[in-house]
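Engineer: Given next are the chains, with one letter for each unit.
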Amino acid sequence: MDSWLIAMMLGGSIFLGGLALIAFLWAVKSGQFDDEEKFLNAVKFDGEDELNDAANQEAKKEKLKREYRPE
Amino acid sequence: MSNKIACTHCHLEFNEDVMIKDGEHYFCCNGCQGVYHLLSDEGLNSFYDKAGDVKLSPPTKQYEDSSNFNAPAFYDRFVKTNDDGFSEVSLIIEGIHCSACVWLNEKALHKMDGVIEANINFTNNKAHIVWADNILKLSQIIDMIRAIGYNAYPYDSALQESHANKERKDYYLRMAVAIFASMNIMWIAVAQYAGYFSGMSQNIKTVLNVAEWILSTPVLFYSGWIFFRGAYYGMKTKVVNMDILVATGASLTYLYSMYITISKSGEAYFDSVTMIITFVLIGKFLEVLSKKSVADTLDVIGKHIPSEVNVVIDGNVVICKLSDVKVGDIILVSSGEKVLLDGEIIKGEGSFDESNLTGESEPVYKKVTDEVISGTISIDADIEFRASKDFEHSTLSNLVQLLESAIGKKPKIEQLANKLSEYFSTAILLLAFITFIVWWAWPHDFETAFIVGISVIVIACPCALALATPVASLVGLSLGAKNGILFKEAAQLETMAKVDTLVLDKTGTITQGKPKVVNEIIYEEFDKELLYSLAKSSKHPVSVGIAEYLNSDDTNYSTIVFDELNQQQALGVSAQMNELELLGGNYKLMKENGVEVEYVSDKTLYFFAINKKLLAVYELSDKIKDGALNLIKELKLKNIETIMLTGDNKNAALSVADELGIEKFYYEQTPEDKSNYIAKLHEDKRTVVMVGDGVNDVLALALADIGIVMGSGSDIAVDIGDVVLLNDSLVSLASAFKISRTTYGLIKQNLGISLVYNGITIPLAMAGLIIPLIAAISMSVSSLLVVGNSMRINWQWKR
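Residue numbers (our numbering), protein chains in the order written: chain Y, 64 to 134; chain D, 205 to 1003.
Honestly, the hints are just simulated from the structure, not real lab data.
All figures in this text were calculated on a predicted structure; none of them were measured in a lab.
Ideal Cβ placement from N, Cα and C applies to all residues, glycine included.
Be a bit skeptical, because a hint or two may be false.
Partial pick of chain D residues on the chain Y-facing surface, computed with a CB cut under 7 Å [what the hints assert, rightly or not]:
no.: 1; residue: Ala-336
no.: 2; residue: Tyr-375
no.: 3; residue: Tyr-376
Derived contacts from chain Y toward chain D, CB cut-off under 10 Å, selection only [claimed, not checked]:
no.: 4; residue: Ile-69
no.: 5; residue: Asp-98
no.: 6; residue: Leu-103
no.: 7; residue: Lys-123
no.: 8; residue: Glu-130
Work out the full structure, taking the sequences as your base and the hints as a guide.
Structural biologist: Okay, here's the thing in structure tokens:
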């Protein structure tokens, strides 16, 4: 067995694992686990409409951020 | 009887004939109908599918005008501006029953122009809203929430709360990285150890080393950052702490392993780097979990004092800032309000609750020309008084200042583990250095000497030492919680185990604090409903005690409405109904009304008479709580001296002390007396537990090494106290002592285990006999031993 094979497999799995870790860290940082009840309930209300609403809200936020001039 | 129909909005069921019919829908009230139509118009109808059959509260409440939410003073207090210039507010939303309610509120707010973020926490109903203030105002947001059938009011998102959460989250993140990396490194280490015995080519070894290197780098620099920071502060204050040991150990090992990896010879120890950091970090995290922040305590004092008073100026009542009131101003206090300034009554009379200052629940009757004292509460008095001092010099403000200084003076007893770790860290660093010098001087090359020196630090890894105290404390805290004892900080368990003096308050702590009926004498049968209604009509503790007593035999008395009811100050209550003249009160009331009474007792008496004929006498007294006698006895066996301090008079103190066998007691103590006494005990090098319940004990509670508070005590006392007895029972107090001593014993055992482990392995490491595998295994085993030993106590206690 060549060592490059091991290196590739190890590298690949550490990279993928690292991606998962980063996703997890991001989720914790952005407060997605702060409210476990809501986090679980969100599954019940998941659907196309919800995704659209979320996207619209995000767009609205960006737009306001660009335009907003606090006095 | 007609059918019951559920309201389309709130799902509460009513008879069909009282419902409002609207097309195919039925509504119980206009409010529900309004909300339903609003939701249909906004396209939020799917709320009803999501809510299912959950019953909501109908939106029937009328709210005051919401425009006062736009007042600058209000904005100053509750609305913050974030970095982007948007406004932020924290609200508590009332009326949330289910997750669909959360959904609805968020959706409705998101639909509003200008709302950027609306995030509602389902568990505590707290909402965090971000909006652009030039597009809409806070009042509109609150109006929207009210319009869809909920109510919202702002709260001060206490900075401390979010600060503590932030620190915890920071630890979560660091631990997530450390645990992820060490789990992966363990797999790689298995391969390495297998190769160590069966032989492995240098190339593969290097690959494994590089992989470990990559994984351990974020652990050392991100997760381990806390230790570098701690080490820096330790060096600044010239204290060799555990952080220095961890930081030097981990970084030296890391550097050495780097050298090994690059030079392609020998064994790398990256796994040790991550393991040390991960274990010690977990130990630190457990400590953070069980820590109470000092800022929290200081903040509560201000929280309990209203900032405004009603001042009478030229016959008009004006709301005035507390600090603006001058000597000579006339202040209006209504029943139920707190007196915030000292002064002399010029109009009105009534009873005052002075328990804040004296600890006694018996109300004090005051009339014109009597002095009112700040910090007391008007029970039923509507009075006007002339302020004789401004707030800064008032009794209340004086008390607050004393309290602040008492919190600052609270002694901090150093924890055993901290004391130990200082010596331990110094010793290990010295030993490692000596080992290195000896090996180098005794002809070995630099490399070998360096490895052996490092292996001493690695093997002495303070994992077990770092886990010893937090794990044991956690077991102690959970044992406490199961027994209704809330320790606010883990370190208090250790302090409490070292206590040699117990100071008890009397009223509300040893006794129940409320008069209870101990004897009932009935001269002639009568309708108890009459007595119950009469007793119920007064808030006087004796009347409350009578009503409670009548209620205790599970009879459901209905409250009769009397034709005429007269509260007679400091006497009792008289009432008129049909032909009956009812009297309920003390001896004086009976005498004044010409009722013949012969009964004499040293306890509080309550007489009941109808038409001037005495029908019943009740004897009331403040009962001693169950378990008090046992507690005092147990503490005597443990050589803890018990002292009683009470604001009550000599006789009351004497009778309780006699009954319980308390040898030392002091009576007629003011709050300052109590705290001075604690300070005196401290001068005698005593470690003191103070147990109390009222505001009058707060100073002493703050100053004592451990302040234990009854859960039903006043809010401020509960906030100040270090330990809260949730069930108010003295049996819990006894278990609190037991638990703290068990935990302290456990801490000592755990520290012993880790020291014995080090005693065996360090000489081996100094002799150069430790191989990486043994180092890794022994590290885990010692940590497991410590955790296992702590669990053992948990099981033992269960049995």
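Engineer: Which of the numbered hints are not met once you compare them with the structure shown?
Structural biologist: Number 2 only.
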